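These protein sequences, in sequence, are chains A and B.
The working numbering puts the first sequence at residues 258 to 675.
The working numbering puts the second sequence at residues 258 to 675.
The reader is advised that the hints may include incorrect statements.
Copies of one chain are not kept apart here, so a pair can be met inside one copy or by any two copies together.
Stated by the list, open to error - List time: in silico BS3-like cross-link candidates among lysine-lysine, alpha-carbon distance up to 25 Å:
#1 K288 x K612
#2 K525 x K553
#3 K368 x K484
#4 K537 x K675
#5 K675 x K484
#6 K368 x K349
Rather than coming from a laboratory, the hints here were simulated on the basis of the structure.
Since we're looking at a predicted model, the values are computed, not measured.
Each chain, written out:
Number of protein chains: 2
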Amino acid sequence: MNVKETVIKVANEAKNASRIMSNIDSKTKDKALNAMAAAIEKNAGEIKTENERDLETAARQGLAAALVERLKLTAARIEAMACGLADIAKLKDPVGEVIKESKLKSGLLLKKVRVPMGVVGIIYESRPNVTADSTGLCLKSGNAVVLRGGSEAINSNTVISTIIKDAAYGSGIPEGAIGFIETIDRAAVNEMSRMDGSIDMIILRGGDRMISSIASGATVPVIRHGKGVCHTYVDAFADLKMARDICFNAKVSRPGVCNAMETMLVHKGIAEKFLPGMIKMLAEAGVEIRGDETVKAIIPGVKAAAGQDWAEEYLDLILSVKVVKDVDEAVEHIARYGSGHSDAIVTGNIENAEKFLNTVDSAAVYWNASTRFTDGGEFGMGAEIGISTQKSHARGPMGLEELTSIKYVVTGSGQVRK
Amino acid sequence: MNVKETVIKVANEAKNASRIMSNIDSKTKDKALNAMAAAIEKNAGEIKTENERDLETAARQGLAAALVERLKLTAARIEAMACGLADIAKLKDPVGEVIKESKLKSGLLLKKVRVPMGVVGIIYESRPNVTADSTGLCLKSGNAVVLRGGSEAINSNTVISTIIKDAAYGSGIPEGAIGFIETIDRAAVNEMSRMDGSIDMIILRGGDRMISSIASGATVPVIRHGKGVCHTYVDAFADLKMARDICFNAKVSRPGVCNAMETMLVHKGIAEKFLPGMIKMLAEAGVEIRGDETVKAIIPGVKAAAGQDWAEEYLDLILSVKVVKDVDEAVEHIARYGSGHSDAIVTGNIENAEKFLNTVDSAAVYWNASTRFTDGGEFGMGAEIGISTQKSHARGPMGLEELTSIKYVVTGSGQVRK
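Starting from the given sequences, assemble the full structure and let the hints guide the process.
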């Protein structure tokens with residue numbers, strides 16, 4: 258089989274399985290999830306061995322350290338994968354929920370019911386745990402899944418998918434419901450993105466370039482999980498101690514994730530008071546500062562921010578800092594350079610807070626808290642398949658509900674329309 | 258300006274206006290909608306004149322009668338357009354609704370709030386009333402709109418958009434919030450579908466070919482309003498009088514719309530009893546029947562259905578009819594040939610009804626009622642911008658809520674993430 262035939266086969270098998278999946282009861286799904294978790298624990302050694310093969314290739318090819326770090330599966334990470342699946346089994350099944358119910362003037366009973374999406378495609382990079390996490394969330398929400406991981410993790414992903422498939426199919430999940438594209442040929446991604454007859458939605462997790470390239474040729478509706486250029490604006494009315502703690506947490510606690518702060522905006526009225534201590538604290542944690550002219554004037558020796566810095570997702574211990582004249586300029590800056598992910602204001606002034614919260618067009622907007630909270634677990638969804646940076650279908654952290662669609666179920670007693 | 262520059266200009270103006278639109282109060286929006294309604298009534302003569310120019314071109318070019326019928330604006334249709342806008346003013350504003358609210362374990366207050374989508378693009382054909390209806394719905398839901406109608410209606414659409422723009426901008430709607438692409442150059446559609454920096458979502462209303470061609474090159478998320486190949490399955494346990502009324506209504510009451518029945522499936526156990534009367538009744542209403550072998554054996558002289566008939570959206574007084582052995586074969590047939598729009602079962606048997614309702618993967622599924630009810634007005638949404646035939650973002654009739662996105666508003670007192 259060539260690449261196209263392989264993808265068609267996997268997608269069609271998933272489509273067929275999805276019709277059975279959509280009516281499988283919660284008990285069977287939860288049993289399968291627990292069996293998958295147990296199988297991962299049992300086969301941790303084999304997973305480790307295959308992961309080492311990927312790490313060797315990565316070393317040979319000189320993969321960047323950050324990517325190697327994401328690729329690596331430690332015993333703790335394998336254990337976390339298993340726990341993740343068991344946790345998904347404990348979540349409430351979203352399928353069948355009656356979202357709205359009404360009696361129409363025609364006498365018809367109208368129910369808006371939550372149903373599975375059908376077949377969900379996941380295209381992702383580096384982190385092999387996504388193979389297990391995504392499969393778990395898709396199955397629990399009644400979907401079949403078609404997985405396409407990065408070539409750098411091919412051996413890890415293949416072994417994980419084989420292990421969870423065996424466990425799932427042995428526990429009542431229909432064969433084909435877990436589709437895994439084994440070829441590393443890039444053409445497979447493009448084929449997958451054009452299978453709108455069998456795949457209902459594709460989640461794209463990856464860099465800007467990967468997302469744009471796939472999204473522009475896709476006929477399947479895609480959900481972009483794009484970059485996070487997150488801002489914290491420290492207003493003139495901020496409690497400066499609180500602002501320091503929030504900014505430090507947003508930048509330093511985990512710089513490599515999408516909800517970390519990349520740009521700090523500071524009101525001019527408090528810049529001279531706030532910046533020296535703040536920047537000292539950040540510098541001591543190893544953060545490189547790139548400032549505008551005003552910042553450089555206040556803190557001699559700070560590196561100048563270039564134009565492209567304002568739109569950069571560093572994912573690293575680097576922070577661009579700008580002094581603004583008011584909340585309007587902060588909002589304007591975020592509209593221009595932000596990525597619509599997560600942005601925060603620190604202020605004691607309710608009017609400025611409301612202006613910021615209402616006008617900043619991002620998935621999550623914060624008042625007096627760190628942007629690091631944008632996460633399905635923190636938001637009470639139990640788990641997340643990623644964070645959508647687009648506005649249609651789902652925005653922000655995507656949990657089980659965001660992997661479903663709806664259906665109108667209409668019951669009558671012979672009604673016809675006039 | 259060339260086509261590309263024109264589209265960029267209109268889309269960017271809409272983007273800028275959308276930032277103001279998202280925070281405009283309901284009163285201003287409703288005032289503008291009423292002013293738009295009044296302006297359409299006042300300028301009905303001018304609209305009629307411009308529509309006649311389009312009708313002349315259509316006659317010269319030999320446009321199909323069905324399309325001419327859709328294009329034509331009578332006094333009553335112009336009045337209906339005005340009433341439609343006034344009705345939208347009366348609907349509840351969806352913006353700002355708190356969909357969910359919770360206190361997180363971190364102490365943060367999390368609100369999931371309904372917000373406008375931003376800029377909504379509408380690509381449509383023939384019917385000029387869509388210009389007014391879509392604009393009304395988009396403005397009420399806090400969005401800016403970019404409209405692109407069919408070239409056959411260019412004069413009608415241009416005059417309508419000019420009239421409603423003047424009225425809206427004179428009533429507090431920001432300039433640029435109603436974008437209308439005046440060029441009839443087809444390239445404009447492709448440009449529009451690739452402006453993901455400024456357009457947040459595009460609704461595609463039109464034929465299969467138009468939708469596929471645009472969707473496959475789009476970088477803006479699109480919502481397909483595709484065809485309706487709707488089925489009615491008459492089960493062995495159907496009340497045959499009820500089945501006759503439902504099938505007659507579903508086929509004959511308005512054959513040119515997407516929720517009309519295109520295929521009737523009949524259980525073999527009742528076919529000989531049900532079909533002769535039913536087909537006589539349909540034939541008397543001018544319906545041409547295309548049957549499978551069993552139907553032809555029962556009703557001599559019926560035309561044979563060809564393979565492509567089963568997937569055909571006739572939008573006309575034509576019906577394909579097939580005899581099936583049970584509800585499973587009916588469901589199987591719909592899965593293979595249906596378009597996921599609206600499908601009905603007529604039965605007195607609750608098990609068969611539930612199997613059908615749970616397994617048929619369509620936006621609306623009916624038990625003992627006509628598929629003709631799939632409509633935003635009938636479903637209590639007040640108005641609709643169309644009917645989505647895809648599963649992501651919105652499915653079935655799309656009203657004001659379906660033109661919105663969400664935003665997480667998080668309020669804290671200095672919380673940082675561990």
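Tested hints:
With identical chains, the CA atoms of K288 and K612 are at most 25 Å apart between copies only, with a shortest distance of 24 Å across copies and 48 Å within one. When the C-alpha separation of K525 and K553 is checked against a cutoff of 25 Å, the pair qualifies only within one copy, where the shortest distance is 13 Å, while the shortest distance between copies is 84 Å. Proximity of K368 and K484 under a CA criterion of 25 Å is satisfied inter-copy only: 23 Å between copies versus 37 Å inside one chain copy. In this assembly of identical chains, K537 and K675 lie within 25 Å of each other by CA distance solely across copies; the values are 21 Å between and 74 Å within a copy.
In this assembly of identical chains, K675 and K484 lie within 25 Å of each other by CA distance solely across copies; the values are 22 Å between and 51 Å within a copy. For the identical chains of this complex, K368 and K349 are neighbours both inside a copy (20 Å) and across copies (21 Å), given an alpha-carbon limit of 25 Å.
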